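As given, the protein sequences belong to chains D and A, one line each in that order. The first sequence begins at 1 in my numbering and counts up by one. The second sequence begins at 84 in my numbering and counts up by one.
Honestly, the hints are just simulated from the structure, not real lab data. Be aware that a few hints might be false.
The calculated DSS-like cross-link candidates involving lysine-lysine, where the alpha carbons are at most 27 Å apart (straight line), are [unchecked claim]: (1) LYS238(A) with LYS74(D); (2) LYS190(A) with LYS119(A); (3) LYS74(D) with LYS236(A); (4) LYS74(D) with LYS234(A); (5) LYS86(A) with LYS24(D); (6) LYS238(A) with LYS310(A); (7) LYS310(A) with LYS236(A); (8) LYS234(A) with LYS310(A); (9) LYS310(A) with LYS190(A); (10) LYS119(A) with LYS280(A); (11) LYS24(D) with LYS310(A); (12) LYS280(A) with LYS74(D); (13) LYS24(D) with LYS74(D); (14) LYS238(A) with LYS190(A); (15) LYS236(A) with LYS190(A).
Listed next, with one range per pair, are the computed distances between beta-carbon atoms [what the hints assert, rightly or not]: (16) PRO274(A) with LEU69(D): 46 to 54 Å; (17) LEU91(A) with LYS24(D): 38 to 46 Å; (18) GLN103(A) with LYS74(D): 39 to 47 Å; (19) TYR262(A) with VAL11(D): 22 to 30 Å; (20) LYS234(A) with VAL72(D): 20 to 28 Å; (21) ALA162(A) with GLN73(D): 17 to 25 Å; (22) LEU91(A) with VAL15(D): 23 to 31 Å; (23) LYS74(D) with LEU91(A): 33 to 41 Å.
Computed from a predicted model, the values in this text were never measured in an experiment. Even glycine gets a Cβ: it sits at the ideal position worked out from N, Cα and C.
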Amino acid sequence: MTLILIILLGVAMLVGAIAALYLKDLTSAVVAAGLVSLFASVMYLLLAAPDVAMTEAAIGAGLSTVIFLYAVQKTVKHEAKHD
Amino acid sequence: MIKRLIALTLVLFFGYIFYQAVTHWQPDSQLQGVSKEYVSREANELGAMNIVTAIVVTYRGLDTLGEVTVLFLAASGVALLMRRRNITTPNRKERRQASEFIHTGAKLLTPVIVMFGAYIFLNGHLSPGGGFQGGAVIASAVLLLFLAFPKYKLKHGFLNTIESFSGFGYVLVGLLGIYFAGGFLDNRILPLGDFGKLLSAGAIPIIYTLIGLKVGIELAGILENLKGQEA
Numbered sequence: 001m002t003l004i005l006i007i008l009l010g011v012a013m014l015v016g017a018i019a020a021l022y023l024k025d026l027t028s029a030v031v032a033a034g035l036v037s038l039f040a041s042v043m044y045l046l047l048a049a050p051d052v053a054m055t056e057a058a059i060g061a062g063l064s065t066v067i068f069l070y071a072v073q074k075t076v077k078h079e080a081k082h083d
Numbered sequence: 084m085i086k087r088l089i090a091l092t093l094v095l096f097f098g099y100i101f102y103q104a105v106t107h108w109q110p111d112s113q114l115q116g117v118s119k120e121y122v123s124r125e126a127n128e129l130g131a132m133n134i135v136t137a138i139v140v141t142y143r144g145l146d147t148l149g150e151v152t153v154l155f156l157a158a159s160g161v162a163l164l165m166r167r168r169n170i171t172t173p174n175r176k177e178r179r180q181a182s183e184f185i186h187t188g189a190k191l192l193t194p195v196i197v198m199f200g201a202y203i204f205l206n207g208h209l210s211p212g213g214g215f216q217g218g219a220v221i222a223s224a225v226l227l228l229f230l231a232f233p234k235y236k237l238k239h240g241f242l243n244t245i246e247s248f249s250g251f252g253y254v255l256v257g258l259l260g261i262y263f264a265g266g267f268l269d270n271r272i273l274p275l276g277d278f279g280k281l282l283s284a285g286a287i288p289i290i291y292t293l294i295g296l297k298v299g300i301e302l303a304g305i306l307e308n309l310k311g312q313e314a
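If we strip away everything but chain D, and leave its shape as in the complex, we get (with noise of 0.2 Å):
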């Protein structure tokens, strides 16, 4: 069953990471990549480290989310054109 879990949250943690590469929208992408951070304390928890799945839900999934986010908000919303 934990195994199970493990690897579903491995799959979204994967989709998290290539949907953040690959939006456009710089908004979602910050989004994006707060969710792998979000699956990535679960699966601490599940992994028996605690203590690091906290870090991993404040900093990853909350703080530096909003940092991007502010910096998103002092830049241009979407991805410049390049080749």
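Knowing the structure of chain D, use the given hints to seat chain A on it.
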């Protein structure tokens, strides 16, 4: 073309390394080496229920001091680079206010979240979490305030004083360890107390409280500097 070829070679090379690492990997069935030492000696030696905390604060205390320094440098760098950008663009229209729900929710939740952060670092030696986690939770309470009230300002004088004294106190506790116990950042300058009680494990709760305050204020400061003047 050449660039692609180099990239492909690199990817294949890394793939080979990972393949080698995975095929020859065997999970340990029991603790070995230094981790075994820590786990078997910790309870009698340092008296902290959470072994992770005992390792982070005491056995590997110097690394933690380094981490706190790195965070301090990062916060100083952000402050140096962002603080001057206070020029608000003139024709930026006034933002819509956050709704009543967010205002009330933020007012209601912020004290509770700060209290939870304090709980995490005060219980660092008993339950999972510690100074860094508690500090991050406190900073996220400040973040909630910033989202609900964009014009909110932190009280810098007061907070900077607390932050400076926390950093100073942390190093001071470490130095006291040299004179009264086994070495730098040794937690046995205070009595170890009863195993599993709030007031136990020597100086670990003090060190984690100082770290928690310092980390919380630094992260909140980073957030405020990035937010800028009006946001």
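Each hint, compared with the structure:
1. LYS238(A) with LYS74(D): holds (24 Å)
2. LYS190(A) with LYS119(A): Roughly 47 Å separates the two Cα atoms, so the pair is violated.
3. LYS74(D) with LYS236(A): holds (19 Å)
4. LYS74(D) with LYS234(A): Roughly 17 Å separates the two Cα atoms, so the pair holds.
5. LYS86(A) with LYS24(D): holds (25 Å)
6. LYS238(A) with LYS310(A): holds (15 Å)
7. LYS310(A) with LYS236(A): holds (11 Å)
8. LYS234(A) with LYS310(A): Distance of about 10 Å is within 27 Å: holds.
9. LYS310(A) with LYS190(A): Since the Cα atoms of LYS310(A) and LYS190(A) sit roughly 19 Å apart, the hinted pair holds (cutoff 27 Å).
10. LYS119(A) with LYS280(A): Cα-Cα ~24 Å, so holds.
11. LYS24(D) with LYS310(A): OK: LYS24(D) and LYS310(A) at ~24 Å, within 27 Å.
12. LYS280(A) with LYS74(D): violated (48 Å)
13. LYS24(D) with LYS74(D): Since the Cα atoms of LYS24(D) and LYS74(D) sit roughly 17 Å apart, the hinted pair holds (cutoff 27 Å).
14. LYS238(A) with LYS190(A): holds (17 Å)
15. LYS236(A) with LYS190(A): It holds: about 15 Å lies between the C-alpha atoms, which stays within 27 Å.
16. PRO274(A) with LEU69(D): 46 to 54 Å: At roughly 47 Å between Cβ atoms, LEU69(D) and PRO274(A) fall inside 46 to 54 Å, so the hint holds.
17. LEU91(A) with LYS24(D): 38 to 46 Å: Given about 26 Å between the Cβ atoms, the range is violated.
18. GLN103(A) with LYS74(D): 39 to 47 Å: With Cβ atoms ~44 Å apart, the hint holds.
19. TYR262(A) with VAL11(D): 22 to 30 Å: violated (55 Å)
20. LYS234(A) with VAL72(D): 20 to 28 Å: Check passed, 21 Å falls within 20 to 28 Å.
21. ALA162(A) with GLN73(D): 17 to 25 Å: holds (19 Å)
22. LEU91(A) with VAL15(D): 23 to 31 Å: holds (25 Å)
23. LYS74(D) with LEU91(A): 33 to 41 Å: holds (37 Å)
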